[in-house]
Amino acid sequence: RLMSSVLRLCETESQALKANLGHLLSPEVSSSLMWFLRRFCLSYCLPNESFYAELSVVLTSAFGRDSEGAGWTLNYLLGVVEQTLRQRSGEPGLVEDTVNLLVTMVDSKDRGQLLIKSEGLMELVQLQQSGQLGQMSSPAQRGLMQGLVICAVALPEADGRTQFWSHVLDPPITAFKAMVTSESFPKQYQEEEIKKQVLFHIDNFIGAVQGCLMPTAQCLFSRLVGVLEDSVKLLDIYHNYPAVVETVLELFVECGRRMLCYLTPSASKQLYEQSVLLVGTYAKHNIGRRNVGDDEDQWRDLQLLMELLTSLLSKDFIDLAPSGHGEDVEVVAAADVCLFGLNIIMPLMSRELLRLPTLCSQYFKMVTFIAEIYPSKVCQLPEDLMKNLLASIELGLTSFGPDVGTLSFDFLVVLGSYIHKNCGPEVPVRQGLRPFLKLVLDLILSQQINSDLLQAASASLYTLICCFQTDYQELVQALLNGQTDQTTGQRLAESFTGLTNNVELTADRINRIKFRDNFEKFIANVRGFLLVK
Amino acid sequence: ARPCKIVEMSTSKTGKHGHAKVHMVGIDLFTGKKYEDICPSTHNMDVPNVKRVDYQLCNISEDGFLSLLLENGDMREDIKVPEDPSLANEIRSRFDNGDDMLLTVLAAMGDEAVIALKFNTK
Numbered sequence: 001r002l003m004s005s006v007l008r009l010c011e012t013e014s015q016a017l018k019a020n021l022g023h024l025l026s027p028e029v030s031s032s033l034m035w036f037l038r039r040f041c042l043s044y045c046l047p048n049e050s051f052y053a054e055l056s057v058v059l060t061s062a063f064g065r066d067s068e069g070a071g072w073t074l075n076y077l078l079g080v081v082e083q084t085l086r087q088r089s090g091e092p093g094l095v096e097d098t099v100n101l102l103v104t105m106v107d108s109k110d111r112g113q114l115l116i117k118s119e120g121l122m123e124l125v126q127l128q129q130s131g132q133l134g135q136m137s138s139p140a141q142r143g144l145m146q147g148l149v150i151c152a153v154a155l156p157e158a159d160g161r162t163q164f165w166s167h168v169l170d171p172p173i174t175a176f177k178a179m180v181t182s183e184s185f186p187k188q189y190q191e192e193e194i195k196k197q198v199l200f201h202i203d204n205f206i207g208a209v210q211g212c213l214m215p216t217a218q219c220l221f222s223r224l225v226g227v228l229e230d231s232v233k234l235l236d237i238y239h240n241y242p243a244v245v246e247t248v249l250e251l252f253v254e255c256g257r258r259m260l261c262y263l264t265p266s267a268s269k270q271l272y273e274q275s276v277l278l279v280g281t282y283a284k285h286n287i288g289r290r291n292v293g294d295d296e297d298q299w300r301d302l303q304l305l306m307e308l309l310t311s312l313l314s315k316d317f318i319d320l321a322p323s324g325h326g327e328d329v330e331v332v333a334a335a336d337v338c339l340f341g342l343n344i345i346m347p348l349m350s351r352e353l354l355r356l357p358t359l360c361s362q363y364f365k366m367v368t369f370i371a372e373i374y375p376s377k378v379c380q381l382p383e384d385l386m387k388n389l390l391a392s393i394e395l396g397l398t399s400f401g402p403d404v405g406t407l408s409f410d411f412l413v414v415l416g417s418y419i420h421k422n423c424g425p426e427v428p429v430r431q432g433l434r435p436f437l438k439l440v441l442d443l444i445l446s447q448q449i450n451s452d453l454l455q456a457a458s459a460s461l462y463t464l465i466c467c468f469q470t471d472y473q474e475l476v477q478a479l480l481n482g483q484t485d486q487t488t489g490q491r492l493a494e495s496f497t498g499l500t501n502n503v504e505l506t507a508d509r510i511n512r513i514k515f516r517d518n519f520e521k522f523i524a525n526v527r528g529f530l531l532v533k
Numbered sequence: 001a002r003p004c005k006i007v008e009m010s011t012s013k014t015g016k017h018g019h020a021k022v023h024m025v026g027i028d029l030f031t032g033k034k035y036e037d038i039c040p041s042t043h044n045m046d047v048p049n050v051k052r053v054d055y056q057l058c059n060i061s062e063d064g065f066l067s068l069l070l071e072n073g074d075m076r077e078d079i080k081v082p083e084d085p086s087l088a089n090e091i092r093s094r095f096d097n098g099d100d101m102l103l104t105v106l107a108a109m110g111d112e113a114v115i116a117l118k119f120n121t122k
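Line order of the protein sequences matches chains A and B. Residue 284 in the working numbering sits at position 284 of the first sequence, with consecutive numbering throughout. Residue 45 in the working numbering sits at position 45 of the second sequence, with consecutive numbering throughout.
A few of these clues could be false.
To be verified - Below, simulated DSSO-like cross-link-like pairs (lysine-lysine); rule was C-alpha separation at most 27 Å, straight line:
(1) LYS122(B) to LYS195(A)
(2) LYS33(B) to LYS16(B)
(3) LYS377(A) to LYS387(A)
(4) LYS51(B) to LYS195(A)
(5) LYS195(A) to LYS118(B)
(6) LYS122(B) to LYS233(A)
(7) LYS196(A) to LYS16(B)
(8) LYS187(A) to LYS5(B)
(9) LYS51(B) to LYS187(A)
(10) LYS80(B) to LYS196(A)
(11) LYS34(B) to LYS187(A)
(12) LYS122(B) to LYS284(A)
(13) LYS16(B) to LYS195(A)
(14) LYS233(A) to LYS5(B)
(15) LYS195(A) to LYS21(B)
(16) LYS21(B) to LYS18(A)
(17) LYS109(A) to LYS18(A)
(18) LYS122(B) to LYS187(A)
(19) LYS284(A) to LYS21(B)
(20) LYS34(B) to LYS233(A)
(21) LYS196(A) to LYS21(B)
Derived from the structure by calculation, the hints contain no laboratory data.
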């Protein structure tokens, strides 16, 4: 009875909308309605009967498998979704709740199979393709496409899926291709209408990628790779138009985030290649760039670029691609993208840009992540870029808050550990790292390090000591010699002895942890009596 | 009407069941003046036709006019050094340094101004 009341409420709203009385409806009530329907679908509409030892007969005969009610309700709800997205796209909260409902509806094999055959789905597809431009907000457009693409999972056989893609995905792809390759495009691209169309198309593809799931990732990607190629060209043409640039970058970021982990090696390589082209195109138009009134807004594109690089690197952490394809593709690609990307981004990350909080945080996340996964590539950076990188790490230790501080210390640990194992003393990057030993030690002794960061600082101190053991001895000796008071000098010497007591300087995890315990005692000892001269 | 860039946009409702209203803060693209407006989220906003073109900088005259080279080889000398001091300084110092640079000129509703610079990579 509850359900039928709710459905009657839906119908009331629907009739109001049809009669142009939508302004009388409360968006709050509609949002709550969507929320309710979503929870209903999740648990009661075609529930997985194997999960339950007992199920209410009333519910299963109304909404369970093989019930007429299930199919009817789903089809009706699709209509509700379609109408809401079409006519009430101006209410952001409502759009979000409606998209959530749609995604929940389609995100189940059982429901998906019914939905695929329903009329309501065809109407949604029509809305997506023939809807007037600008009628739906960007989140609505993306959400709609996301829902449609998720449906494909319900079709296990290749034929069914191919047919589905041909209805849902191929038309937008064809329309997009036609637009960007048309002869008039190079002359018209600056017009507002054309720009709107471009954004509309890319929003669709972003939504499609957001609907990517493991079974559909590979075929989705192979259909979209042409779009990625054309999008790089769009970045070139529209390099002065932030709205387009950022949207193209968002598309790539989503591919990295949502699809990459499921792609085969050769498909991954394609994504890397397109990303390299993207980064290069961005660089071409942004080297030495300065804007009027530089602020976070103006540099959102750089932030997205860094997110992209970080997400591409995650493939090495999370690789869920089907194995055993017998492909002999080089795995070097990700490392090369990251090195190339670093080479582009480093010159752009000036001190001024580091002052922008989101950009700063994204930058440090990225470089620390790269150093962790590809320390060898970091060591291959050209000298001037390496200097800039290390200078930014030095700043990061103290200037940008605890989160960036922790990342900077972590950077020293991962790079230092690599250098300790693999680099001889003459290697430039080793020389570049040397000053950090004294720097970190001074920071610790002068109590400039926040207590949240002491653990990270301890790990980095240990690693640096391992790398530069002679330097460390000299520094300690200099400190002891500089003590005028004998008692202090004695206590200090004892503290330092305790610091490396029982710890092997091998830069491995076990000894790093032993060092940390010593370090805590060391800090307790020296605090209160030590002043660094 | 002035062409503006929206720098802040927030949605709010009048009361729990109210419809969404959007509060927008815009900065005039040329004068930097701040404008605010509130309108229902279903309204269509007029968007200025904006063109952004890169020109190669050839010279800065004594009275602050830029000599800009177009792609077709024509020269235009009717655009002044931007008012924003840090951008203007950067342009002058790079020019004095002999750097080859491109200036991005924004054109909207009859006005034009330099909004960005970058190195010439062509």
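Verification of the supplied hints:
1. In summary, the hint linking LYS122(B) to LYS195(A) is supported, as the alpha carbons are separated by about 25 Å, within the 27 Å threshold.
2. Distance check on the hinted pair: LYS33(B) and LYS16(B) sit about 34 Å apart at the alpha-carbon level, beyond 27 Å; violated.
3. Between LYS377(A) and LYS387(A), the direct Cα distance comes to roughly 15 Å. Compliance with the 27 Å bound is thereby established for this hinted pair.
4. Using a Cα cut-off of 27 Å, the hinted pair LYS51(B) and LYS195(A) holds, with the two alpha carbons roughly 11 Å apart.
5. Pair hint LYS195(A) plus LYS118(B) holds up; C-alpha atoms about 24 Å apart against a cutoff of 27 Å.
6. For the hint linking LYS122(B) to LYS233(A), the alpha-carbon distance of about 16 Å falls within 27 Å, and the restraint holds.
7. Of the pairs offered as hints, the one joining LYS196(A) and LYS16(B) is violated, with about 33 Å between alpha carbons and a cut-off of 27 Å exceeded.
8. Our distance criterion of 27 Å between C-alpha atoms is met by LYS187(A) and LYS5(B), whose separation comes to about 24 Å.
9. With a C-alpha separation of about 12 Å, the suggested pair LYS51(B) and LYS187(A) falls inside the 27 Å cut-off, and the hint holds.
10. Between LYS80(B) and LYS196(A), the direct Cα distance comes to roughly 31 Å. Violation of the 27 Å bound is thereby established for this hinted pair.
11. A distance of roughly 33 Å separates the Cα atoms of LYS34(B) and LYS187(A); the hinted pair therefore is violated under the 27 Å criterion.
12. At most 27 Å may separate the alpha-carbon atoms for a hinted pair to count; LYS122(B) and LYS284(A) meet this at roughly 8 Å.
13. Between LYS16(B) and LYS195(A), the direct Cα distance comes to roughly 36 Å. Violation of the 27 Å bound is thereby established for this hinted pair.
14. About 25 Å separates the Cα atoms of LYS233(A) and LYS5(B), which keeps this hinted pair within 27 Å; it holds.
15. A threshold of 27 Å between alpha carbons decides the hint, and for LYS195(A) with LYS21(B) the separation of about 25 Å falls inside it, so the pair holds.
16. Among the hinted pairs, LYS21(B) with LYS18(A) is consistent with the structure: their alpha-carbon atoms are about 22 Å apart, no more than 27 Å.
17. The straight-line distance between the Cα atoms of LYS109(A) and LYS18(A) is roughly 32 Å, outside the 27 Å bound, and the hint therefore fails.
18. Between LYS122(B) and LYS187(A), the direct Cα distance comes to roughly 21 Å. Compliance with the 27 Å bound is thereby established for this hinted pair.
19. This hinted pair does not check out: LYS284(A) and LYS21(B) have alpha carbons roughly 40 Å apart, beyond 27 Å.
20. The suggested pairing of LYS34(B) with LYS233(A) is violated, with an alpha-carbon distance near 35 Å, which exceeds 27 Å.
21. With a C-alpha separation of about 23 Å, the suggested pair LYS196(A) and LYS21(B) falls inside the 27 Å cut-off, and the hint holds.
In terms of the numbered hints stated before, the structure departs from hints 2, 7, 10, 11, 13, 17, 19 and 20, listed from lowest to highest.
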